[in-house]
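Trainee: Residue numbers (numbering that gives the first Met the number 0), protein chains in the order written: chain C, 0 to 445; chain R, 0 to 290.
Hints listed in this document are in silico derivations from the structure and should not be mistaken for laboratory results.
The C-beta atom is built at its ideal place from N, Cα and C for all residues, glycine as well.
You may find that some hints are simply not true.
One side of the interface only, derived from the structure: several residues of chain R facing chain C at Cβ under 8 Å [stated by the list, open to error]:
1) Y131
2) D187
3) A188
4) E190
5) E213
6) D226
7) T232
8) R233
Okay, the calculated beta carbon distance ranges per label pair [what the hints assert, rightly or not]:
9) R:R245 <-> C:R442: 29 to 39 Å
10) R:G116 <-> C:A42: 52 to 62 Å
11) C:A437 <-> R:R245: 51 to 61 Å
12) C:R41 <-> R:R253: 16 to 26 Å
13) R:A242 <-> C:I14: 42 to 52 Å
14) R:R172 <-> C:A42: 18 to 28 Å
15) R:V54 <-> C:A42: 56 to 66 Å
16) C:Q426 <-> R:R253: 36 to 46 Å
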Amino acid sequence: MIGWTNPAALWALAIAGIPVIIHLLRRHRAERIPFPSLRFVRAAESSAVRLRRPSDPWLLLLRVAALGLAVCAIAGPIVLTEARVAHWNATIARAIVVDSSASMTVPDADGAVLARLADEAAQAEARGAAYSVRIDAANIDNALVQAAAWLSSSPPARRELVIITDAQRGSVDEGSVRRVPAPVGIRITTIGRNHGSRTIDGPALIVGPDRARRQVVAISPQSTSVRIEDTVPLRGFRILGPAGADAATTRLLEVAAAAGTIAPAAEQPIAIRFGPTPDRALQVSALKSGWMLATILNLMVEPSVRALAASDGAVLADEFGRAPWTTVIDRDGKPVVSAAALDGELLLQTSGGPDGLFAAAVARAALNARQTRDAYAEQEVARIGPATMTGLQRPAGPVDRDAWRHARATDARWCWLLALIALVAEQWVRGRSRDRRAQEAMRAAA
Amino acid sequence: MLDPKLLTAIGDLELIARVTVEGTLSGLHKSPFHGYSAEFSQYRHYRQGDDVKYVDWKLFARTDRLYTKQYRETTNVATQVLVDGSASMAFAGGGVEKLRYARLVAAAFAYLIAGQGDAVGLTVYDDRVRHYFPSRTGQPHLRGLLTLLAKTNAGGGTSAASSFRRAVDLLPRRGVLVVISDLYDESDAFEAELRRAVHIGHEVVIFQVLTRDELDFPYGTDVELEDLESKATRLTGAGARAAYRREFADFLERWHARCARYRIDYTRLITDQPLDGALRAYLMRRAGSAR
């Protein structure tokens, strides 16, 4: 069986008919000779359309063969022999997914850095494969999709996907491997030795207008517990504006405390200013820090902000729609919150007053923007169990029937070689014909 | 023998004419064209239609036979050479172009006639008179005629009748009309003009110039022939050769019969024949018939 990696090129086989077409055209186009008078010349239609043998059939054949072979070479032929398929089955195309999540950046229970272990393992896996690709990703699910896509177009070989990870529970599950098509084998290489338990500092929560409490999270394979520890002063949050701002700040923080809001941090200070018009005395600039952008993005997607803005009805002045301000719009497309940087502080200008629900929603969304749920997941100390691990893995299947479509090495070189031989032979035959004609002409002249 | 290809390669028509006439026609000094002039030439038997004023009555009285005196025209024979310059004369057929050959013939005749002190003129025609050079004597006139002849190129259709009539009418007296053509014009009008010219006393000499390819039709493979004059084309091939040869032979025979009928001197010239040989043969034949 012959497969073609570029079958569309076979349409160009029509080119091989060009010499034949030229021959046919030349056959029908009789030589035009001037003649004094046609009075005595009878038309001989039969001779004009009579099929004539090509003057040199070998020449015609060689030209057709050369063109046909060149087209076949471009079409990328692959002769599917058993030996070739066996060779493909003995070859491995491997996609190596390396877990680069935060948990891989810390030493394991033995003090070894997991990222380095993963790198060594990935290199070893790559050496054992004929074709390989390495995908580093914090989210293994996304990496599996990319790996499956690469494997689907990889050269013909047994296809295998290797996941190098610390195998934290939840990092890979059945839903993840379902994204990988069946013939692709899956192997999970677990690196490092897990910690028996881990204690981490959680985010501080606001418990009053002037204080917050630290959380300590203890994680073990069996349970996770949170302990509220000492109270710390609240810093990094203020309200700018008219008299009575302190009272407004207090009220807002009380509301935030009641809703379980993360405490502000001194290194990420937030200021809120109320009212539809700007304070031109403030020297504001465009948002630069990542945490500032994350905060304003959180405001944009926070449902309570958009919903309460509409009920408030207040709208910011047009000036907030221009640089350096970054604006959050309500459901009606009106600007309701605008953000800018104020000497390292994130300044939020809201359209409404400090006493409304909208103000509380903005303050809470801004403070909670720094909450990262993934941070807790990365602290998981439990690993995927052996039974689950076995269920997630499977051996690579044999090369499927259509794998040759992605072959990089085809048999085109043999076609090119034959086309070259045909061209050389054509030159030789042409030269021989020319010599013969010259000799005939000389004989005729003699 | 002078190879026509070699001759046509020489640009000097006067030189060619001189070489042709003086080099190869030596010994034929007498004018090939006989008239009734003062110089007695010979007796011949009276034929019905001969002018009775030339009957030698004294000889009749002695011999009881009617003889007519024939005179050699020694001077002032007005000759008009008519050269067919139509496009069909551009055909060469792998050899010498018919018009080039016709020019050589015309030049040789003009040189020969002028060299004897007779008047010679030239008419080049296609479907009309393209150039007319009146019949006069003298070397300057001959040189002018040859210059004009050398500039003649083939082109246009063929309609000889009107041109021939004009040449006849412009001859000042009875003279000689030398037509050099491939004679593809077989129209009744042309035939009528030839008949008229003979009837009013002119001598008409026709040289039919043809190529070997026109006679043999050597095209063995399929060809598309293009008529040089009408530009019409026709696909033909070896299958049409026999019919062509048959019809062409009929065409030649018709001209032969036509000329014989009107007592026109008809000579066929093939362009691969040496020119001097052809002319010599013609002139010797003519000299012989004149004796």
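Trainee: Now tell me, hint by hint, if it's right for this structure.
Mentor: A quick look at each hint next to the structure:
{"no.": "1", "hint": "Y131", "in the structure": "violated, 24 Å"}
{"no.": "2", "hint": "D187", "in the structure": "violated, 16 Å"}
{"no.": "3", "hint": "A188", "in the structure": "violated, 17 Å"}
{"no.": "4", "hint": "E190", "in the structure": "violated, 16 Å"}
{"no.": "5", "hint": "E213", "in the structure": "holds, 6 Å"}
{"no.": "6", "hint": "D226", "in the structure": "holds, 5 Å"}
{"no.": "7", "hint": "T232", "in the structure": "holds, 7 Å"}
{"no.": "8", "hint": "R233", "in the structure": "holds, 5 Å"}
{"no.": "9", "hint": "R:R245 <-> C:R442: 29 to 39 Å", "in the structure": "holds, 32 Å"}
{"no.": "10", "hint": "R:G116 <-> C:A42: 52 to 62 Å", "in the structure": "holds, 54 Å"}
{"no.": "11", "hint": "C:A437 <-> R:R245: 51 to 61 Å", "in the structure": "violated, 37 Å"}
{"no.": "12", "hint": "C:R41 <-> R:R253: 16 to 26 Å", "in the structure": "holds, 18 Å"}
{"no.": "13", "hint": "R:A242 <-> C:I14: 42 to 52 Å", "in the structure": "holds, 44 Å"}
{"no.": "14", "hint": "R:R172 <-> C:A42: 18 to 28 Å", "in the structure": "violated, 49 Å"}
{"no.": "15", "hint": "R:V54 <-> C:A42: 56 to 66 Å", "in the structure": "holds, 59 Å"}
{"no.": "16", "hint": "C:Q426 <-> R:R253: 36 to 46 Å", "in the structure": "violated, 56 Å"}
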